[in-house]
Amino acid sequence: MPTVLRLTGITKRFGDLLANDVISLSLDQGEVLALLGENGAGKSTLVSILFGHYVADAGSIEVFGQPLPPGQPRAALAAGIGMVHQHFSLADNLSVLDNVLLGSEPLTAFKSERGTARSRLGQLSARFGLKVEPDARVGDLSVGEKQRVEILKALYRGARILILDEPTAVLTPQEVQALFATLRQMLAEGLSVIFISHKLDEVLQVAHRVAVLRAGKLVAQAVTSTVTKAELATMMVGREVTLPHRQEDGQRGEARLVLNGISTEAHHGRAGLRQLSLEVHAGEIVAIAGVAGNGQDALADLLCGLLLASSGTVRVDGRVMGAEPRTWVQAAVGRVPEDRQGVGAIGDLKVWENAVLERYPERRFNRAGMVNRQAARKHAGALVERFDVRLASLEAPIRSLSGGNVQKLLLGRVLSEQPRVLVVNQPTWGLDVGAVAFIHGELLAARRAGAAIVLISEDLDEVFALANRIAVMHAGHLTQPRQAAHWSVADIGLAMAGTQAH
Amino acid sequence: MQLIERTHSSPVRLLLAPLWAMAVTLLLAMPLILWAGAPLGRAFIELFRGAFGGMLPATETLTRATPLILTGLAAAVAFRARLYNIGAEGQLYMGALAAVLVGGLHGGTGFELSPYLLFPLMLLAGMLAGAVLLLGPALLKTRFGVDEVVTTLLTNFIALLGVSLLLDGAMKDPLSMGWPQSVALRPEMELGKVFEQYRLHNGFFIALAVAAVIAFIVARTRFGFETRAVGANATAARFAGMPVNAVMLKTALLSGALAGLAGVFEVGGRTSYVTLDMSPGYGYTGIVVATLALLNPLGVVLAAIFIAGVLVGADSMSRVIAVPTYIADVIVALALLSMLVTTMLSRYRIQWR
Numbered sequence: 002m003p004t005v006l007r008l009t010g011i012t013k014r015f016g017d018l019l020a021n022d023v024i025s026l027s028l029d030q031g032e033v034l035a036l037l038g039e040n041g042a043g044k045s046t047l048v049s050i051l052f053g054h055y056v057a058d059a060g061s062i063e064v065f066g067q068p069l070p071p072g073q074p075r076a077a078l079a080a081g082i083g084m085v086h087q088h089f090s091l092a093d094n095l096s097v098l099d100n101v102l103l104g105s106e107p108l109t110a111f112k113s114e115r116g117t118a119r120s121r122l123g124q125l126s127a128r129f130g131l132k133v134e135p136d137a138r139v140g141d142l143s144v145g146e147k148q149r150v151e152i153l154k155a156l157y158r159g160a161r162i163l164i165l166d167e168p169t170a171v172l173t174p175q176e177v178q179a180l181f182a183t184l185r186q187m188l189a190e191g192l193s194v195i196f197i198s199h200k201l202d203e204v205l206q207v208a209h210r211v212a213v214l215r216a217g218k219l220v221a222q223a224v225t226s227t228v229t230k231a232e233l234a235t236m237m238v239g240r241e242v243t244l245p246h247r248q249e250d251g252q253r254g255e256a257r258l259v260l261n262g263i264s265t266e267a268h269h270g271r272a273g274l275r276q277l278s279l280e281v282h283a284g285e286i287v288a289i290a291g292v293a294g295n296g297q298d299a300l301a302d303l304l305c306g307l308l309l310a311s312s313g314t315v316r317v318d319g320r321v322m323g324a325e326p327r328t329w330v331q332a333a334v335g336r337v338p339e340d341r342q343g344v345g346a347i348g349d350l351k352v353w354e355n356a357v358l359e360r361y362p363e364r365r366f367n368r369a370g371m372v373n374r375q376a377a378r379k380h381a382g383a384l385v386e387r388f389d390v391r392l393a394s395l396e397a398p399i400r401s402l403s404g405g406n407v408q409k410l411l412l413g414r415v416l417s418e419q420p421r422v423l424v425v426n427q428p429t430w431g432l433d434v435g436a437v438a439f440i441h442g443e444l445l446a447a448r449r450a451g452a453a454i455v456l457i458s459e460d461l462d463e464v465f466a467l468a469n470r471i472a473v474m475h476a477g478h479l480t481q482p483r484q485a486a487h488w489s490v491a492d493i494g495l496a497m498a499g500t501q502a503h
Numbered sequence: 103m104q105l106i107e108r109t110h111s112s113p114v115r116l117l118l119a120p121l122w123a124m125a126v127t128l129l130l131a132m133p134l135i136l137w138a139g140a141p142l143g144r145a146f147i148e149l150f151r152g153a154f155g156g157m158l159p160a161t162e163t164l165t166r167a168t169p170l171i172l173t174g175l176a177a178a179v180a181f182r183a184r185l186y187n188i189g190a191e192g193q194l195y196m197g198a199l200a201a202v203l204v205g206g207l208h209g210g211t212g213f214e215l216s217p218y219l220l221f222p223l224m225l226l227a228g229m230l231a232g233a234v235l236l237l238g239p240a241l242l243k244t245r246f247g248v249d250e251v252v253t254t255l256l257t258n259f260i261a262l263l264g265v266s267l268l269l270d271g272a273m274k275d276p277l278s279m280g281w282p283q284s285v286a287l288r289p290e291m292e293l294g295k296v297f298e299q300y301r302l303h304n305g306f307f308i309a310l311a312v313a314a315v316i317a318f319i320v321a322r323t324r325f326g327f328e329t330r331a332v333g334a335n336a337t338a339a340r341f342a343g344m345p346v347n348a349v350m351l352k353t354a355l356l357s358g359a360l361a362g363l364a365g366v367f368e369v370g371g372r373t374s375y376v377t378l379d380m381s382p383g384y385g386y387t388g389i390v391v392a393t394l395a396l397l398n399p400l401g402v403v404l405a406a407i408f409i410a411g412v413l414v415g416a417d418s419m420s421r422v423i424a425v426p427t428y429i430a431d432v433i434v435a436l437a438l439l440s441m442l443v444t445t446m447l448s449r450y451r452i453q454w455r
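If you read the sequences in order, they're chains A and B.
Under this note's numbering, the first residue of the first sequence is numbered 2, with each subsequent residue one higher.
Under this note's numbering, the first residue of the second sequence is numbered 103, with each subsequent residue one higher.
Among these hints, one or two may not hold up.
Listed below are several chain B residues computed to face chain A (Cβ distance under 7 Å; list not exhaustive) [said to hold, decoys possible]:
(1) Ala317
(2) Ala321
(3) Thr323
(4) Arg324
(5) Phe327
(6) Ala331
(7) Asn335
(8) Thr337
(9) Ala338
(10) Phe341
(11) Gly343
Simulated from the structure, these hints should not be mistaken for lab results.
Using N, Cα and C, we set each Cβ at its ideal position, and we do this for glycine too.
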């Protein structure tokens, strides 16, 4: 098969950070190349260079034998490179057809060729099994459908090389299989795909070859049929990773968190909750699975004391709770939000200041209206030690820490207070394998210590690894929680898609 | 051209930003001075001499810096909490008015109270007046999300027109020969002069002490911690259980009080009565001062002295060589713009392509 894309010696430096260190790669026609690596390994930088968002300090790119001029997204598009970002760039209030046409029509054209465009879109969607209604408003589509629109957009513009950035992160298992079927059809038609992921199973399933990046270097390339999952994990992290083993389910205690008939208003395009009831007992982890955007945000806000239910009650240890974060902290509810840097921590404040953010009014950190800095620093130092937070100094602004270290600090901030209830939302999203293992271990330890834990997660591997019971959220509804062992992946997929499984 | 966020933010670069800004400001002022037909070197020498060259210029500069320190602190405190108080000018006038109301010679004598009691009452009244004027916009912001930039800017007009109304009516000095000015302060209420024949008054040293106190509050106290947290990320502060709205309101009260105090000191230290032109825009210039100081309370003192030096120096320069005094306003405006650009460049770098 001919080579369609060749990267030679790509190097990119940001300050002291070498994001890409002399990376050379090639992609053949009809091939899926997986780009595997932890967060910060340099995958995004490499793709951004390929797509013209960054200019490489050194190295060159050849597409179909022609050199690609650096730093010009238009040139990349014209050369037949299409990209589907993890976060879609679609206009919600336009139709599917308009979104596909957007930017591909000359601004000064008198009439748009909507008729021909519609039939071309129809052909493409039939050919690749990408079913969407051309006149539907994009804002009304599900996440999976939006992804199809993004792929169609790239194909409509004549992409022959498609880059997919973490495409499965937002899909149900069934949607993932449909996406893979589409990819196979594309390969059969001679297109090529670069598939960026950190999920090893998917990489092994869909890719022909895999290139592993670590700390900006291309550390390994392999044909997927010759490597195992464990080998890939080791290549990715650079050392062997031991995943925590789940202990036997411990003794389940009294109900600590009780939600009864909760409904919330939908607003700002976010799904509300509908008649949701749930009991979480001491010593168990209840996982809330589901595709993003089905009401998990509202549930998380509710359980963090940020949102008031329009009907129904939330009780913690029998006390009815309102929407006042302070009272939740005082009720010993530990909360770890999804957006660590934006909601959990204050980037400009120092690490030690962030460590006492929820506790600064308490007497131990407060002396006659003044912040007791010694006590706060000491407390932060102990957290950093106990939860293995890697940092240069307690005085550094927390924005200088990596995502995994911020998450360890935020988890430590609540776990060190022996929470009675713990609410964690996407606790390991975007973290490297080492940090994931650490955080899973801490959550299991907190369960052993008797906390009642709500785990909201889109990552099914995580859900099955940790949860005693699992409930699935769809369109603001929550299924009955069932023992983890009583769910199959197929059942969960159906429930995530809104079909009640039996 | 593209702006790219610097991967490493350097504190040194940030601290150098004000110095760069001052240098760029003076550089940009050069063509204007040349355009006015004045010799460049002489102009800058006269500017400097007019600001700091001798006892009179230096004391004049510090006199001018006094209200700027206080309005600069008012802006710095509020901006730190992301409360964009553009209304310090109005708050200053309300403070001045309240000072005369409490400490003035009404009906020839004023309030029959011991000066030791009346003086602190006068300070309190001035601060309260400034604080109350900002409380309205702050409540509108926290309750209904009304943009405080618009409301505080508009309260300036209301305050000034209100003062104008009073100076021609209820508070008019009957002995002012028809000029719109208020009755004077009781002589005991005036701030003492530092030196016999210069205008510099004790208000300057009180302003320095206030700056030190504010610096302490911001850095060390629970309230300071809250304002920094709310200003840096209100969402996260709320998540952590901070009373975001209460912090915002307390900050507004403090900011308004500081601007009100500036008004008290202008009346008590300089004019002894309220006129409509007693402040040449100190409230607005305070924003430049705070920006130049990177919102640091101690930096505000230095920035205020620099800006006051430019204002006083330019006056003197225009008397010696034929450069219009308006050059001072241009320089102050340039200082704000250069500061905004240099602080941005300390966080971002430009990539040309």
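Structure-based check of each hint:
1. Ala317: violated, 14 Å
2. Ala321: violated, 9 Å
3. Thr323: holds, 5 Å
4. Arg324: This hint holds: Arg324 of chain B lies near chain A, its Cβ roughly 5 Å from the closest one there, short of 7 Å.
5. Phe327: holds, 5 Å
6. Ala331: Interface hint status for Ala331 of chain B: holds (5 Å vs cutoff 7 Å).
7. Asn335: With Cβ-Cβ at 4 Å, under 7 Å, it holds.
8. Thr337: Interface hint status for Thr337 of chain B: holds (6 Å vs cutoff 7 Å).
9. Ala338: This hint holds: Ala338 of chain B lies near chain A, its Cβ roughly 5 Å from the closest one there, short of 7 Å.
10. Phe341: At 5 Å from the nearest chain A Cβ, Phe341 of chain B passes the 7 Å test, so the hint holds.
11. Gly343: It holds, given that the least Cβ distance between Gly343 of chain B and chain A is near 4 Å, below 7 Å.
In this structure, the hints that do not hold are numbers 1 and 2, in rising order.
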